[in-house]
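Chemist: We have chain A already, so just place chains B, C, D and E with the ligands on it with the hints.
Residue numbers (full-length UniProt numbering), protein chains in the order written: chain A, 1 to 362; chain B, 1 to 362; chain C, 1 to 362; chain D, 1 to 362; chain E, 1 to 362.
Please note that the accuracy of each hint is not assured.
You can't tell identical chains apart in this list, so a pair holds if it fits in one copy or across any two.
To be verified - Straight-line alpha carbon distances no greater than 27 Å define the calculated DSSO-like cross-link-like pairs of lysine-lysine that follow:
#: 1; residue 1: K168; residue 2: K23
#: 2; residue 1: K135; residue 2: K359
#: 3; residue 1: K23; residue 2: K43
#: 4; residue 1: K213; residue 2: K227
Keep in mind the hints are simulated off the structure, nothing from the lab.
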Amino acid sequence: MVKKPKFRIPNAKVPRRGRTLGKAPGTITYLGEREGEGTQVEKLSYDLKTMEGEEPTNYQFLKNKPANDRTEWINVIGLSDESAISEIGSLAGLNNLVLEDIVNTQQRPKLDEYEDHIFAVFKMCYLNEARKIVKEHVALVLTSQRVLVFQEVEADVFGGVRGRIEQKWGKIRQRGADYLFFALLDALVDNYLVVLELTEERLYELENTVFQKPDSDTPFHIQQLRKEINALRRWISPVRELVNRLMESDSPLIQKETRIFLRDVLDHTFEINDTLQIQREMAVSLMDMYMSNVSNRMNEVMKVLTIMASIFIPLTFIAGIYGMNFQDMPELSWEYGYETVWGVMVVTFIGLLIFFKRKGWL
Amino acid sequence: MVKKPKFRIPNAKVPRRGRTLGKAPGTITYLGEREGEGTQVEKLSYDLKTMEGEEPTNYQFLKNKPANDRTEWINVIGLSDESAISEIGSLAGLNNLVLEDIVNTQQRPKLDEYEDHIFAVFKMCYLNEARKIVKEHVALVLTSQRVLVFQEVEADVFGGVRGRIEQKWGKIRQRGADYLFFALLDALVDNYLVVLELTEERLYELENTVFQKPDSDTPFHIQQLRKEINALRRWISPVRELVNRLMESDSPLIQKETRIFLRDVLDHTFEINDTLQIQREMAVSLMDMYMSNVSNRMNEVMKVLTIMASIFIPLTFIAGIYGMNFQDMPELSWEYGYETVWGVMVVTFIGLLIFFKRKGWL
Amino acid sequence: MVKKPKFRIPNAKVPRRGRTLGKAPGTITYLGEREGEGTQVEKLSYDLKTMEGEEPTNYQFLKNKPANDRTEWINVIGLSDESAISEIGSLAGLNNLVLEDIVNTQQRPKLDEYEDHIFAVFKMCYLNEARKIVKEHVALVLTSQRVLVFQEVEADVFGGVRGRIEQKWGKIRQRGADYLFFALLDALVDNYLVVLELTEERLYELENTVFQKPDSDTPFHIQQLRKEINALRRWISPVRELVNRLMESDSPLIQKETRIFLRDVLDHTFEINDTLQIQREMAVSLMDMYMSNVSNRMNEVMKVLTIMASIFIPLTFIAGIYGMNFQDMPELSWEYGYETVWGVMVVTFIGLLIFFKRKGWL
Amino acid sequence: MVKKPKFRIPNAKVPRRGRTLGKAPGTITYLGEREGEGTQVEKLSYDLKTMEGEEPTNYQFLKNKPANDRTEWINVIGLSDESAISEIGSLAGLNNLVLEDIVNTQQRPKLDEYEDHIFAVFKMCYLNEARKIVKEHVALVLTSQRVLVFQEVEADVFGGVRGRIEQKWGKIRQRGADYLFFALLDALVDNYLVVLELTEERLYELENTVFQKPDSDTPFHIQQLRKEINALRRWISPVRELVNRLMESDSPLIQKETRIFLRDVLDHTFEINDTLQIQREMAVSLMDMYMSNVSNRMNEVMKVLTIMASIFIPLTFIAGIYGMNFQDMPELSWEYGYETVWGVMVVTFIGLLIFFKRKGWL
Amino acid sequence: MVKKPKFRIPNAKVPRRGRTLGKAPGTITYLGEREGEGTQVEKLSYDLKTMEGEEPTNYQFLKNKPANDRTEWINVIGLSDESAISEIGSLAGLNNLVLEDIVNTQQRPKLDEYEDHIFAVFKMCYLNEARKIVKEHVALVLTSQRVLVFQEVEADVFGGVRGRIEQKWGKIRQRGADYLFFALLDALVDNYLVVLELTEERLYELENTVFQKPDSDTPFHIQQLRKEINALRRWISPVRELVNRLMESDSPLIQKETRIFLRDVLDHTFEINDTLQIQREMAVSLMDMYMSNVSNRMNEVMKVLTIMASIFIPLTFIAGIYGMNFQDMPELSWEYGYETVWGVMVVTFIGLLIFFKRKGWL
Ligand SMILES: [Mg+2]
Ligand SMILES: [Mg+2]
Ligand SMILES: [Mg+2]
Ligand SMILES: [Mg+2]
Ligand SMILES: [Mg+2]
Ligand SMILES: [Mg+2]
Ligand SMILES: [Mg+2]
Ligand SMILES: [Mg+2]
Ligand SMILES: [Mg+2]
Ligand SMILES: [Mg+2]
Ligand SMILES: [Mg+2]
Ligand SMILES: [Mg+2]
Ligand SMILES: [Mg+2]
Ligand SMILES: [Mg+2]
Ligand SMILES: [Mg+2]
Ligand SMILES: [Mg+2]
Ligand SMILES: [Mg+2]
Ligand SMILES: [Mg+2]
Ligand SMILES: [Mg+2]
Ligand SMILES: [Mg+2]
Ligand SMILES: [Mg+2]
Ligand SMILES: [Mg+2]
Ligand SMILES: [Mg+2]
Ligand SMILES: [Mg+2]
Ligand SMILES: [Mg+2]
Ligand SMILES: [Mg+2]
Ligand SMILES: [Mg+2]
Ligand SMILES: [Mg+2]
Ligand SMILES: [Mg+2]
Ligand SMILES: [Mg+2]
Ligand SMILES: [Mg+2]
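So that you can see chain A by itself, here it is in the shape it has in the complex (with noise of 0.2 Å):
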């Protein structure tokens, strides 16, 4: 019988843009799942020769340039604190618009110049110590001289930056915020990377699967692995605009030596946006391969009806002929009658053996 899953197809996203209704624009409203899980910041700020981390308290520092040309990076972990949100915004000078969509969790990725910040919205996609996908929501705003880092929890994407910092590993202690910047993007961007290395894995598995033991289940995978790369494609082929947009801009907020590692990260998009297209082709074909593999398997089984009923009815026919009790049937009583009959019946087999060998269906 056909099997089917016990378990109900996840709904991807809870409905929640009905809260969004009749409010004016600007309206900061938490679209997220993780009420009331608070909001902490973190602060890193560095020069070139020194580096100090601290959890404030209080944001006023946000009114201010950071001092001595230090580069600031805050990074504020979990969204659903309205008023929280809202101080940051305004101390930091966010536009109103800006802070809405960074408590939209739903937000697509997207990427807004102000005169004197640059606003963009990212999901990170990253595999979990389990090689599980994981989709975040991140948002990231540059300043002059600061980079804050809007979070719902925190991950270890951006891990690889921090470390740089601490071990004034690569450029990135020499340069500025446009730079941390950047960093940040170059993470999200190299772990999409890893994230299509596994579906691609997935997708060679199922093809294997196709091919050598496909159940009625694998036409489910082969839809929930399309459905995975279908919100991929939903969550990062935006991007590659958006860095095009970033690289080409003229902000005064991007220095012209930074743009040359943007064209770096550009060039992962086209990469990543190839491999997205190839991989949807191929979740499409194994969906077609799975039904060839199907029908073939039908025509096997139908095969073995035929061959078997087309067999053994001629011949059921035949000794139902002689299992009649008409009074006067004369072979009934021919000395070789029972025999003769056994010879019809095994000429006609023999017959009908070559028939479907012929046919090639044997």
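Modeler: Just chains B, C, D and E with the ligands now, kept in the frame of chain A:
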């Protein structure tokens, strides 16, 4: 038996275009289905300090600009009274082509700029209390200090905007007619997102149905949802292009500060188009899934038939042999003849079971 | 048995291109199918105050501009008389390439601007009294103060425009030849919308057929409608681009005020293209629906076969056993042997019914 | 049995690219299949008054411009003699890359402008006397006052142009080499239209076959036509872009008056691309139709099987019951036992007929 | 039984992206699969008169320009030694981002212009002696007077270029490094064409298989070829865009005369993209053909079953009737009872044969 739906699939549109044949361009010809319902006008006039609502009995006030920099929101409910629409239009100085489009309830979303007014047609799509999708034609005209809204019935999509004017929420009382125009547009677009959450929910429900208990009605439901999504696409997807043109327009009717808000709306229209695209593909792939399911179930049916027939037809043949009435059939008088035949049949039975087991059909 | 349509599917087009091979460009070669039907000319001349119709017997008047700022509408009915067309063309100063296209009834919609005339080919698509779709080739030439219309037969698509001139409705008597040109184009486009309402209606009818009583003719009807829609697309969809070019043309033959009316036509051409696109997709998905229906019905058939065969073949086998003629079959002489066998058969029967019930096949 | 075509599907192209590996760019490497057929040159020279044809034995005349403003048409037939081509090319001052492309019979349509010559590769597609589609490689070079045409065999596609020169038809004798170049291009494109009429005719014939008497060869024929259309698309569809570039070129080799004629050719290339697109879609949908037909016929077969088996298997079971040999079967000795069983069988038979009638299977 | 391929489908790519996570941009991380194979350098230096080859043991010569306008071709074979690559890169003045891409064997084709070098990544695709498709990563750097080529193994794709330098064939010894760069690129692209001839050949072979002797492995082979074509598309299709950018680049490293040769390469890349597109469509339609074939064969099987069962089941029923043991069955004692029954059976048999013949199933 294949269940047949009892009702006819409703034709989405009564053919009415014939009415316009041969008429001069600019002739006001109502194409909706609510003939004879009359036309009512509501006027809401406000500035930062005061707000007044009234239902004017004549439309002469439209000839003059609102006094004292007040902003006016004119609601025209009911489009079937062609002479009333004509009078309103000529008093407000609207082009005849605009009036023709206002009463053409089948008009595609559009935006036309004239020297002293901006004219737009949109489709309201919202969920009513019963969570059904309602689609209504709405025409908006922005003139200096005034927004005219033409609808067939009063929908509460714009209720939130009215509320914000009454409650002085947000910036709406501080800004002019262009901001009101934006606020109405924003309300329309916010409702699209809510409607798309419903169609997404239905897609997930149908996906569950396809995997768990598909029946012969399922393609019917998939097809209806697919048509619904296509209809939404038809009404909603042109809006992106229109908002973009509005944002980039250099009409003096739209202040520079309002453009940043239009960009926010534009952002939503991108998300809407992404979502429509993904939902369309999901609907197509649901049908593929259903078909693979049908094939699998057919395979199942055929296997049962093949196994039953392949096992019992040969056994019946053996029984038939010894049902023949030949005078000389030595086996019939063997001491263990009957037991031997049973033995042959049991061995055949077990042999076929093993064969089917090895094929993986059991 | 699969019903076969008795008639051949008509080839849409008689191959006639061979006639043009080897001829010099600009050679007038009639490609239609109404040879020998002659050519008639009607002339309608009007200004704001007066209007005159006549059927001129020679075409010399074409050499001169209409007098006194009058506008002339010249109707040329019948294209097969190559020498008449040639004479008209050379008197009116038309390029030979234009004349070649006028009599090429297979010419795709096009718009060419020459120094002193604008030439367009369109396809009239309208519903005749029997609500059949009629497609005719029509060529329009706009010269100073004059519009020439070339048709194969007189269709009443332009009747409304003539009526408005006669009745002085709208602006047509106040404006020049460019407005007449627009009015004719508008009449053509308005008829496209009416034709598309018919194809949409047919799509809905076919959808009902697919759900309620599909038979083996249904794919035939779907395919014919799909070809009809594709043919309309071929004739109608280039019109959008042509109207756009006309609107943006800087030809002195088109006054600035007329452009706003062309924008209105353009607007309709967008709607037409949307509708064609959606109807095409609907036609494709109708075929998918039909195929899913065929599969479901096949499943139904197979289930009936499987249930009948799976129940009665084993029972027949049991009966066969006790039809054997072995001398020593103890069951045959049991007191309740016959009743016992009936019992076994009833139990088997019920067991199989329960099995099929559980599978959901009953 | 599925009939198998006896012949192998011919590979469209003998692999020869390997021959070019490692060679310097501009090396003349003949890639066609007519080795050793030699190269002949014909020269046609004309002005308004006189015309001369000759078959020059050496090519030195190519070093100089034609005298007295005469126009020369040089026909080079046969491309396999690499040294002859090389000599012609260097005398006529052609770039080596041009020569390489001239003998590359697999070269895609292209157009390259050099300082003093314009080089184009096209594919001749025409119907031979047996109405088979013939495809040949042709290269055209336009230099000052001279057109060089390189072909593998002399095809009569250009016969009409030659005729017009001889007969002084049209404008060809009044205009220069650029008009000759256009006239040859026009002849090529006119033949494409004729070829597409043939493929359209075949599509209609195949559609009739699919509806009226499809067999297992039909998909084979559909596929062959589909490949033919794709091959035409490959050869023909780039021509639109090339003609467009030619028309917009500012090369002094092309006079302004010739551009209006090129626009006429361009117009045909649009029609060709439309037609190719529609024919492709028709070919795809023919296959869909065929598959729906196969499914319907399968349904038909299954219904017959199901009806026959479902009626006679139960009846055979009933007969089997009373064929058993139990000693005590009371029905056997009933007075109307036999008649009663007949009655039961007739009732069962009629009941099943009614059942199948109700299902609509009869 | 459906044959199952014994081997696992190889995953095209070992997941290695994880290695790059958290590293600074520009970190040299080898992503290939040939760790520990070392790095060798070959240097070929030539001018019009002389040519020298050597295998330098240190790389200090890279710091200086080649002397006397000589051109140098530096071959770096083996990319796994990250420190050697790093040293070569810093001596030759390459950007760190370039070095990262050189050792990223999964890098998509790309072209980056820097102030004093042009960097490109391509994929070599060629046929080895066993006519298998080999794909290798290759990076090219053009600096003043020098071309650096980075490969994993030495492939003989560039052998022809080396030969032309040695033999002084063509223009290669007369021109500088930019012409060498072009010649290498041309060699790469010429090999693509040869590879595509092989895939086309395989498509034709598979098409023959589908028509003549398809089996259940055929979809497997179609799918593998489709993936091969998709993989080629991934590596090859971006090259068109890169060559175009190179041709239009205004870098002083590329002389004007070289651009005409790049246009020739560009021309081939167009052909390659056409061919890839057509091959993709052919692969998709092969699968459609296969499926139609499967359906036809199923139909065939079902017809045999239906004919055999429909003929013999009713006959068996008739025999069953007269096998019943009722005491009073008058037919049994008719004089010609047995012969009459035979007559009835023969008539039934012939009637059913005629029925099936009429249906066209015989
Ligand atoms: Mg909002
Ligand atoms: Mg990176
Ligand atoms: Mg890189
Ligand atoms: Mg991949
Ligand atoms: Mg594909
Ligand atoms: Mg699909
Ligand atoms: Mg596909
Ligand atoms: Mg109108
Ligand atoms: Mg909004
Ligand atoms: Mg927003
Ligand atoms: Mg979604
Ligand atoms: Mg898809
Ligand atoms: Mg012509
Ligand atoms: Mg109109
Ligand atoms: Mg309008
Ligand atoms: Mg519609
Ligand atoms: Mg669709
Ligand atoms: Mg579709
Ligand atoms: Mg070459
Ligand atoms: Mg032509
Ligand atoms: Mg081809
Ligand atoms: Mg023409
Ligand atoms: Mg056609
Ligand atoms: Mg189609
Ligand atoms: Mg297809
Ligand atoms: Mg990196
Ligand atoms: Mg080459
Ligand atoms: Mg791949
Ligand atoms: Mg070339
Ligand atoms: Mg090819
Ligand atoms: Mg195709």
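Chemist: Determine for every hint whether it applies to the structure shown.
Modeler: Checked hints:
{"no.": "1", "hint": "K168 - K23", "verdict": "between (47 Å within a copy, 12 Å between copies)"}
{"no.": "2", "hint": "K135 - K359", "verdict": "neither (55 Å within a copy, 40 Å between copies)"}
{"no.": "3", "hint": "K23 - K43", "verdict": "between (33 Å within a copy, 22 Å between copies)"}
{"no.": "4", "hint": "K213 - K227", "verdict": "both (22 Å within a copy, 20 Å between copies)"}
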